[in-house]
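Engineer: Please model the entire structure based on the sequences and the hints provided.
Here's the letter readout for the chains.
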Amino acid sequence: MVYGMSKNNQKNNFLNTVTEMPKAIWDSVFRNNLPHTDLGRSKTSFTNFFLHMHPVKVHKHTLKPWFTMGLGLMSLFLFMILSVTGVLLMFYYVPSTTQAYDRMLDLRGSVAFGVFLRNMHRWSAHGMVAAVFLHMCRVFFTGSYKKPREFNWVLGVGLFLLTLFSSFTGYLLPWDQLAFWAITVGTAIAGYAPVVGEQMRFLLLGDTAVGQEALLRFYVLHVAVLPLVMTGMVAIHFWRIRKDGGLSRPDDADIVITPMPAVAANVMPATIEQPQLNFLSKARYGIQGLVRGPFTKVGNVPDNTVFSYPNLLLAELFVFVLTVAGVVLVSAYFNAPLEEPVNVLHPPNPAKAPWYFLGLQEQVSYSAFWGGVGIPAIEVIILMLVPYIDRGKKGVGKWFAKERLLANTLFLIFVVVNILLIIIGTFFRGQNWEFVSPF
Amino acid sequence: MSDKHNAQEVESGEPVSRRKVLAWLTSMGLFGSAIVSIVSNLVFIKPRATYGKPTRFAIGTPEQFPPGTRIALGDQKVAVIREGDKMAAISVVCTHLGCIVGVADTGFACPCHGSRFDQDGNVTGGPAPKPLPWYELSLAPNGELEVDKGKEIESGKWFTV
Ligand code: HEM
Ligand code: FES
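Here the protein sequences line up with chains A and B, keeping their order.
Mapped onto this note's numbering, the consecutive letters of the first sequence carry residue numbers 13 to 451.
Mapped onto this note's numbering, the consecutive letters of the second sequence carry residue numbers 58 to 218.
Check the hints yourself; a few may be wrong.
Claimed, not checked - Straight-line Cα separation of at most 35 angstroms, DSBU-like style, residue types lysine-lysine; simulated pairs:
| id | chain 1 | residue 1 | chain 2 | residue 2 |
| --- | --- | --- | --- | --- |
| 1 | B | LYS77 | B | LYS143 |
| 2 | A | LYS364 | A | LYS255 |
| 3 | B | LYS206 | B | LYS143 |
| 4 | B | LYS187 | B | LYS214 |
| 5 | A | LYS255 | B | LYS77 |
| 6 | B | LYS103 | A | LYS364 |
| 7 | A | LYS255 | A | LYS159 |
| 8 | B | LYS187 | B | LYS134 |
| 9 | B | LYS103 | B | LYS187 |
| 10 | B | LYS187 | B | LYS110 |
| 11 | B | LYS187 | B | LYS143 |
| 12 | A | LYS159 | A | LYS76 |
| 13 | A | LYS76 | A | LYS55 |
| 14 | A | LYS364 | B | LYS77 |
| 15 | A | LYS405 | A | LYS76 |
| 16 | B | LYS206 | A | LYS364 |
| 17 | A | LYS406 | B | LYS110 |
| 18 | B | LYS134 | B | LYS110 |
| 19 | A | LYS364 | B | LYS208 |
| 20 | B | LYS77 | B | LYS134 |
| 21 | A | LYS364 | B | LYS134 |
What the hints assert, rightly or not - A short, non-exhaustive set of chain B residues, derived as facing chain A with CB atoms under 10 angstroms:
| id | residue |
| --- | --- |
| 22 | LYS103 |
| 23 | ILE116 |
| 24 | PRO119 |
| 25 | GLY131 |
| 26 | LYS134 |
| 27 | CYS151 |
| 28 | GLY155 |
| 29 | GLY171 |
| 30 | ARG173 |
Rather than coming from a laboratory, the hints here were simulated on the basis of the structure.
Only a predicted model underlies this, so the values are computations on that prediction, with no experimental measurement involved.
Even for Gly, the Cβ is constructed at its ideal location relative to N, Cα and C.
Structural biologist: In structure tokens form, the structure reads like this:
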């Protein structure tokens with residue numbers, strides 16, 4: 013549109029070409045100016061990639077800070093910080109059992125901002141485990157995994173596991189005491205899996221014992237395989253949020269519109285036929301694409317949506333700034349842990365995993381199979397089946413809805429038990445993993 | 058147009074169309090190559106040869122281990138024990154999840170999840186499912202003791218020097 017106009021009154025002489033070049037380049041990149049009208053906002057949403065990833069309009073309920081608490085976004089931004097700092101660290105890191113540890117020391121001594129970047133990477137990783145877990149809790153306690161969002165919950169459980177596995181493969185890389193004993197114990201747990209256990213352990217280690225092959229394998233998983241798989245899954249996660257009509261919200265957040273008679277639909281050429289999803293009979297599919305939910309204002313009903321630009325974008329920017337600020341602040345004051353160089357004869361005593369695995373460590377201290385394989389597998393299966401077990405339609409989009417008392421209580425017990433296990437592992441275990449009192 | 062063509066065919070029950078055969082072949086091809094590539098990737102990442110340490114190694118002459126010795130040898134991950142003229146080589150790899158147990162006069166203790174073993178390596182507490190294995194000890198012609206980690210022996214089968 014913009015160049016169309018300038019073309020008409022433009023003389024194609026050299027001077028004009030030069031003087032108009034900056035504007036021509038700018039306009040070709042940003043095909044619309046910053047929109048100030050609603051029409052402009054809609055148009056820009058279609059020509060700007062970052063806006064196009066968002067719906068043109070977003071429900072007011074979605075923007076309530078206490079509904080999502082920005083936890084999913086925070087997970088995403090931490091993932092982005094991790095990707096950037098991780099790529100930078102790769103410039104100095106060597107996945108070799110003889111060099112890795114020295115490279116960590118080099119970051120302290122001879123690399124500008126080396127320690128700071130490492131801190132950012134490590135603390136973002138811890139933060140991401142926490143954020144993803146809390147995000148999962150928020151989705152559960154608001155009943156947001158119910159139809160049609162079941163599969164996004166399943167993808168989410170996958171993302172949670174991948175987040176944990178990424179952290180695990182990451183803290184092995186410095187090849188310090190923590191790394192060595194974590195690989196030893198972690199792959200031994202894999203060995204307890206029925207039938208495929210020993211094979212899996214062998215594939216992970218690339219050898220019969222923990223050593224160079226294992227470090228190389230975990231490095232490849234950490235810097236290539238897992239981030240790529242996660243990026244793909246996050247993309248699908250977001251895509252599905254849009255196709256599911258944005259975030260969940262309570263029934264009373266929308267005006268219920270009676271379905272249009274078929275005749276009326278026929279006269280509306282821009283309306284796309286509604287697929288067989290009769291549970292959402294109030295849905296309209298307008299020119300904005302096959303997006304569930306009342307984004308197209310039909311007739312004279314109150315409009316509960318606002319434009320994504322600037323409302324949603326500003327909210328996202330706010331969470332982004334908050335996340336970056338938090339990571340920077342923590343990284344400025346606290347250094348990422350680095351234990352002693354590997355000593356294959358002496359595990360640290362007690363040899364403790366990072367906090368998020370201490371619950372698991374506490375569990376395996378009762379039984380390797382049940383604590384490390386059996387119970388976690390049952391937990392993951394049940395988590396993935398949650399939306400298919402709890403099929404009630406009530407209480408969606410509200411924190412701790414009364415109708416969901418049973419489901420929420422059960423999930424709360426699951427959360428509390430795991431936190432208790434972590435607390436026991438952290439504070440109540442001392443030398444030789446014996447019970448100690450922290451008081 | 059082509060839809061009509063297909064629809065007719067379905068109704069009249071005529072022989073399968075060329076398109077159907079092609080679609081079928083293509084799917085089988087895709088499916089087949091997916092399986093082949095998954096299997097071959099797994100085969101690829103499974104190393105054919107590993108360069109483990111030899112299972113047999115010399116640890117020194119019996120005189121180097123006076124009676125009362127209980128020490129762990131780092132590289133070999135065995136504890137050498139001597140009581141009087143009886144000797145044994147006991148693994149120090151925890152049978153729970155592979156940490157190295159600490160060697161004390163009273164037995165072995167694992168720092169990772171608290172497994173405890175008595176002086177002979179039998180489990181006395183914690184999650185370890187099995188006792189620490191004993192390995193075969195022998196005296197080589199040159200007078201040095203040899204441990205063979207490829208040969209597990211019964212607990213309590215001491216080697217007399
Ligand atoms: C890498 C990890 C993850 C990222 C980056 C991520 C990102 C997001 C974002 C940005 C949203 C939008 C709403 C919000 O901010 O809360 C969202 C929604 C959602 N997430 Fe995640 N998520 C992750 C993991 C998970 C997990 C572990 C679960 C559950 C097991 C999950 C299930 C869902 C569901 C069901 C929704 C839709 C919620 C609704 O409609 O209200 N996600 N996710
Ligand atoms: S590895 Fe020794 S108790 Fe777990």
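Engineer: Hint by hint, where does the structure go against what was stated? Just the numbers, ascending.
Structural biologist: The structure conflicts with hints 1, 2, 14, 17, 20, 23 and 24, although it agrees with all the remaining ones.
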